[in-house]
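Sequence order for the protein chains is A and H.
Letter 138 of the first sequence, counting from 1, is numbered 138 in my numbering, and no numbers are missing.
Letter 228 of the second sequence, counting from 1, is numbered 228 in my numbering, and no numbers are missing.
Be a bit skeptical, because a hint or two may be false.
Identical chains blur together in the list; that is why a pair holds if it fits in one copy or across any two.
[Said to hold, decoys possible] Result set (EDC-like, lysine to aspartate or glutamate): computed pairs, CA atoms no more than 20 Å apart in a straight line:
#1 LYS101 with ASP59
#2 LYS98 with GLU237
#3 LYS18 with ASP97
#4 LYS228 with ASP154
#5 LYS200 with ASP57
#6 LYS200 with ASP118
#7 LYS220 with GLU231
#8 LYS142 with ASP189
#9 LYS142 with ASP37
#10 LYS216 with ASP59
#11 LYS228 with ASP67
#12 LYS131 with ASP114
#13 LYS138 with GLU47
#14 LYS224 with ASP130
#15 LYS216 with ASP114
#16 LYS221 with ASP154
#17 LYS200 with ASP244
#18 LYS142 with ASP118
#19 LYS221 with ASP67
#20 LYS221 with ASP95
#21 LYS216 with ASP67
No lab work stands behind these hints: they were computed from the structure.
Protein chains: 2
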Amino acid sequence: MISVIILGAGNVATHLFKAFKTSSEVSVIQWYNRNLDALRPFSNQVEITNDLNALKDADIYILAVSDDVIGELSSKLPFENKLVAHTSGSVSVYDLDKKHKRAVLYPLQTFSKDAKVDFANVPICIETIDKKSYPLLKQVAKSLGSPTKRVNSDQRRVLHLAAVFVNNFTNQLYRIGHEITEGEGAEFDMLKPLILETAKKVQDMSPFMAQTGPAKRNDKKTIKAHLKLLEKPQHQEIYKLLTDSIQNTHGRKKL
Amino acid sequence: MISVIILGAGNVATHLFKAFKTSSEVSVIQWYNRNLDALRPFSNQVEITNDLNALKDADIYILAVSDDVIGELSSKLPFENKLVAHTSGSVSVYDLDKKHKRAVLYPLQTFSKDAKVDFANVPICIETIDKKSYPLLKQVAKSLGSPTKRVNSDQRRVLHLAAVFVNNFTNQLYRIGHEITEGEGAEFDMLKPLILETAKKVQDMSPFMAQTGPAKRNDKKTIKAHLKLLEKPQHQEIYKLLTDSIQNTHGRKKL
Ligand SMILES: NC(=O)c1ccc[n+]([C@@H]2O[C@H](COP(=O)([O-])OP(=O)(O)OC[C@H]3O[C@@H](n4cnc5c(N)ncnc54)[C@H](OP(=O)(O)O)[C@@H]3O)[C@@H](O)[C@H]2O)c1
Ligand SMILES: NC(=O)c1ccc[n+]([C@@H]2O[C@H](COP(=O)([O-])OP(=O)(O)OC[C@H]3O[C@@H](n4cnc5c(N)ncnc54)[C@H](OP(=O)(O)O)[C@@H]3O)[C@@H](O)[C@H]2O)c1
Numbered sequence: 001m002i003s004v005i006i007l008g009a010g011n012v013a014t015h016l017f018k019a020f021k022t023s024s025e026v027s028v029i030q031w032y033n034r035n036l037d038a039l040r041p042f043s044n045q046v047e048i049t050n051d052l053n054a055l056k057d058a059d060i061y062i063l064a065v066s067d068d069v070i071g072e073l074s075s076k077l078p079f080e081n082k083l084v085a086h087t088s089g090s091v092s093v094y095d096l097d098k099k100h101k102r103a104v105l106y107p108l109q110t111f112s113k114d115a116k117v118d119f120a121n122v123p124i125c126i127e128t129i130d131k132k133s134y135p136l137l138k139q140v141a142k143s144l145g146s147p148t149k150r151v152n153s154d155q156r157r158v159l160h161l162a163a164v165f166v167n168n169f170t171n172q173l174y175r176i177g178h179e180i181t182e183g184e185g186a187e188f189d190m191l192k193p194l195i196l197e198t199a200k201k202v203q204d205m206s207p208f209m210a211q212t213g214p215a216k217r218n219d220k221k222t223i224k225a226h227l228k229l230l231e232k233p234q235h236q237e238i239y240k241l242l243t244d245s246i247q248n249t250h251g252r253k254k255l
Numbered sequence: 001m002i003s004v005i006i007l008g009a010g011n012v013a014t015h016l017f018k019a020f021k022t023s024s025e026v027s028v029i030q031w032y033n034r035n036l037d038a039l040r041p042f043s044n045q046v047e048i049t050n051d052l053n054a055l056k057d058a059d060i061y062i063l064a065v066s067d068d069v070i071g072e073l074s075s076k077l078p079f080e081n082k083l084v085a086h087t088s089g090s091v092s093v094y095d096l097d098k099k100h101k102r103a104v105l106y107p108l109q110t111f112s113k114d115a116k117v118d119f120a121n122v123p124i125c126i127e128t129i130d131k132k133s134y135p136l137l138k139q140v141a142k143s144l145g146s147p148t149k150r151v152n153s154d155q156r157r158v159l160h161l162a163a164v165f166v167n168n169f170t171n172q173l174y175r176i177g178h179e180i181t182e183g184e185g186a187e188f189d190m191l192k193p194l195i196l197e198t199a200k201k202v203q204d205m206s207p208f209m210a211q212t213g214p215a216k217r218n219d220k221k222t223i224k225a226h227l228k229l230l231e232k233p234q235h236q237e238i239y240k241l242l243t244d245s246i247q248n249t250h251g252r253k254k255l
């Protein structure tokens, strides 16, 4: 049994705790948060604490706390030479205090407190400094049913950046779709199957091959009509910029 | 049995033909294309023709041809007062020759020749000028298992515009994710579950509620680091513009 202590009580910490509860290889022996209230609902399932000095001995300490405080919290841990992993996409492994065996366990997925998470759909990027820690973290990730990948800090940073494009920015395009349809008495609901299909298509086809539409076809008449239809200048800017981007990718002339 | 004649042999026409083959309420009695070669593979399943004067009598003529030629082809049809529907998102119902009972049957989905289509995931937007044609077209769409919606030309145009955002532009964001990961030795494959989850999330949550990430949090440090990491000026522009758009939506300060 691998013993784990989780630090933090946010989205990632909570989903990790729940997932570890179902694992037969990993046992969460203690859960820390600076504010104990967030942990109380779980106090009958695990020992909780808000005192760093009360932390027990464990195989792995997982720091699922805000990016900005990872370094500081790792320094405050009152022990050394133990395996300490953070869960951030953008923080370097070297931000952890070097008194620890430093590592990263970055779940490349979007977590919200309410939404259920199936860890089979959560690729986990692992980085370790010492070689011995790697198989242990891999076993932990595997016990959640997650695919894993060894990813260094540079690659992880790039994956996190790409995640902003395919998750946050894509979601904002959905939002714009929502605004322009509902604004005209049409229904955003009508677009939902298309949204899903667009995401499914690139599961086994490259986005390059999957592209269609007026920008790729350089259908000037439709592009012009669309720009006229858009009421907000910023939506027009986004339309122009992404049309131009598609045309650069597919070797068409600029607008 | 509702008799249908399809005109055109592209993506939409071909998927419609295949779907109608499985319908017990609709029979495709003839298939027209200006170029007969595209239809030959189906010649043992349906009567094919490239001669407009050979068109039979049918309940509905579906013009699944390029947007630019819908008006012209409808004028060339050697009959009048029959129900003629086009399948375009952006062409007005009034572009059809007024000698016909004019209508639109717009499938709000992305079709490619190879990809399989389940019409249960294809909302069909119906517009008719005369009232009597509406129930007939609705029955046709229902026989494919498709959800249907009465949508006028203005709403349809807006849905088509929104479809460009959530489909073509979103796919281009996937493409950029592909470029920046593979360019740095990371794997685009790692992002696929996130892409799917992002699309699934807005099936029962508004895109407004689903938003997360550095732009929404106004995490200036991460935004700055991401802009530095992006090599192409156009990717930086897209990053800035969509970050700004998210911040406008969520009431944060500008970059
Ligand atoms: N959310 C995602 O989708 C996602 C995905 C992959 C990776 N990550 C990474 O996972 C980590 C946690 O993210 P999250 O979304 O779970 O964050 P979150 O929900 O905002 O939770 C942040 C946690 O950090 C704690 N914290 C903040 N400041 C602290 C301090 N000074 N000392 C001690 N604890 C402090 C908070 O404690 P309180 O409860 O007392 O406020 C809270 O438990 C981050 O590194 C993030 O980049 C997040
Ligand atoms: N593809 C989609 O995802 C999608 C989704 C919803 C709606 N639509 C709409 O459905 C319609 C058809 O789209 P599609 O994607 O199926 O197009 P497509 O694959 O490009 O096929 C176009 C068809 O139009 C025919 N055509 C072109 N010019 C013609 C002319 N002058 N006279 C007669 N026929 C002509 C072509 O004949 P040849 O075979 O001889 O070239 C071909 O059969 C369009 O209005 C489009 O906006 C498409």
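Problem - Violated hints - listed by number, lowest first - result: Of the numbered hints, 2, 3, 5, 9, 10, 12, 13, 14, 17 do not hold.
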